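Q: Given the sequences, and given the hints that come with them, work out the whole structure.
Quick mapping for you: the protein sequence lines, in order, are chains F and C. Under the numbering used here, think of the first position of the first sequence as 22, with each following residue one higher. Under the numbering used here, think of the first position of the second sequence as -3, with each following residue one higher.
Hints are computed from structural coordinates only; laboratory data are not their basis. As the structure is a prediction and not an experimental result, all values here were calculated from the model. Backbone N, C-alpha and C define an ideal beta-carbon position, used for all residues, glycine too. Any given hint could be a false lead.
As the list claims (entries may be wrong) - List time: in silico DSSO-like cross-link candidates among lysine-lysine, alpha-carbon distance up to 27 Å:
(1) F:LYS83 <-> C:LYS9
(2) C:LYS148 <-> C:LYS11
(3) F:LYS83 <-> F:LYS70
(4) F:LYS70 <-> C:LYS14
(5) C:LYS18 <-> C:LYS133
(6) C:LYS133 <-> C:LYS148
(7) F:LYS70 <-> C:LYS148
(8) C:LYS11 <-> F:LYS83
(9) F:LYS70 <-> C:LYS11
(10) C:LYS133 <-> C:LYS217
(11) C:LYS18 <-> C:LYS148
(12) F:LYS70 <-> C:LYS18
(13) C:LYS14 <-> F:LYS83
(14) C:LYS148 <-> C:LYS14
(15) C:LYS133 <-> C:LYS218
Claimed, not checked - Only part of the chain C face toward chain F is listed, based on derived beta-carbon distances under 10 Å:
(16) GLY24
(17) CYS25
(18) PHE28
(19) ALA33
(20) ALA39
(21) GLY134
(22) ASN182
(23) GLY183
(24) GLU212
(25) TRP216
(26) MET235
(27) GLN239
(28) GLY243
(29) ARG251
(30) ARG254
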Amino acid sequence: MSIASRIPDLESFFAYSIALEEEAAERHEELANMLEVHNNDEVADIFRKLAHYSRLHAAEVKELAGDRVLPTIAPWDFGWDDLEGPETASIDDMDYLISPRRALEVALANERSARSFYAGLGQWGLTEAIRRTAAEFAEEEAEHVELLEDWLQRTPADDALARFDPDPPHMPE
Amino acid sequence: MSAVNEALAAPPKPKDYKSALKPIWCPGCGDFAVLNAITKALAHQALPPEDVALITGIGCSSRIAAYSSVYGFHGVHGRALALAAGLKAARPDLAVLVAGGDGDGLSIGGNHFLHACRRNQDLVYILMDNQVYGMTKGQASPTTAADWADSKLTPHGTGIAPFQPTSLALAAGASFVARGFSGDPNGLAKMLVEAMEHPGFAFVHVLSPCPTYRPEQMDWKKIVVPFEAPETDDPLEAMQRVQADDGMSTGFVYRDQRPPWTPHQEDVTDTSLDGIEAAFRA
Chain F
22 MSIASRIPDL
32 ESFFAYSIAL
42 EEEAAERHEE
52 LANMLEVHNN
62 DEVADIFRKL
72 AHYSRLHAAE
82 VKELAGDRVL
92 PTIAPWDFGW
102 DDLEGPETAS
112 IDDMDYLISP
122 RRALEVALAN
132 ERSARSFYAG
142 LGQWGLTEAI
152 RRTAAEFAEE
162 EAEHVELLED
172 WLQRTPADDA
182 LARFDPDPPH
192 MPE
Chain C
-3 MSAVNEALAA
7 PPKPKDYKSA
17 LKPIWCPGCG
27 DFAVLNAITK
37 ALAHQALPPE
47 DVALITGIGC
57 SSRIAAYSSV
67 YGFHGVHGRA
77 LALAAGLKAA
87 RPDLAVLVAG
97 GDGDGLSIGG
107 NHFLHACRRN
117 QDLVYILMDN
127 QVYGMTKGQA
137 SPTTAADWAD
147 SKLTPHGTGI
157 APFQPTSLAL
167 AAGASFVARG
177 FSGDPNGLAK
187 MLVEAMEHPG
197 FAFVHVLSPC
207 PTYRPEQMDW
217 KKIVVPFEAP
227 ETDDPLEAMQ
237 RVQADDGMST
247 GFVYRDQRPP
257 WTPHQEDVTD
267 TSLDGIEAAF
277 RA
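A: Now the structure itself:
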């Protein structure tokens, strides 16, 4: 079953969109905490900022949805193309020594994935209202992609020495 | 509706079931996703945190109790199931989840596991399997492959065939057996909801990679597949299925509808120590 066929109306579309942004925000926050605990403050700050932006986007979608009654969808019933939402960073992409560049590359891949999700609905959405709104969201995601590409360009190349841990956790006893 | 009333009326969110403590697991650890699956399952059922207890043993994964806002008990190594059995007997109204790792649950806690399965008390046991003792810096566990030689303690591997947790659970009489994967937290959340709804001992084996001592497990995402056949209530068929499997298939395996075991309980009205002792001696 394609993702477009799971979204019969605009209410469902908004429910998907809010879930996408909220799940991304929670994951970014989780990754920020994860890296802060392991003293990688530079990358923790990046994920904290990304969490903030995802929360802002979720709030914008909720405002757009207005007083519409949105369906409640269980996390496993969304049927995302991957195992989690398109903008959700995967936990297993993380490493305690992850560099700012790598973190931004992960974020960029997720923004591109969100753009594709909306672009697909912009083309294959079941109603005109879904197609129109999804196309607008795809344009917005394209702007996020550009911002991240720009951020990535301004980020220095990985410094191998700064990523070197002389006492790694897997050092044999 | 005022903002306060709106907040009170809102359905719970997964994050409502997380504590303020930040997990100290290694970044990339599968246990983060198991925590997310548990909190999603609890939010889906809208269970009040005070109606749930999460009991754990010792090890990396057993820290999970501290990261949840439900009642937690970070117990003794290998004894989480014993503690949980006592709690469920005393407080049958609580939803009791038990969690831990492969070392905790199948080595020092192995005997408790067998008897918990055959007792069929209404518990959910989440075994987070990374096939290594992570907290003590990477030794072979009961589920480690015989030829894994990355630990100085077993430089030529253990030479011992690993336990297959789902086979053990079936052989010992668990009435609900499933295998999930931390890389699919939403699918795992669904599995946990069904495990909690199952009246009896529900065993959920979770493949949860260790990025630090078993970095090769980060490739599990590429090899985990759903079981080809649907779940069954025939223990023989279920056993044949998990025995024939390479341990990387996920999904519901087995479920039967035996009534759960509940201990005979005296009606103790005098709950003073003397009263309890008198009831015990009666």
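Q: Which hint numbers doesn't this structure obey?
A: 2, 7, 11, 14, 24, 26, 27, 28, 29 and 30
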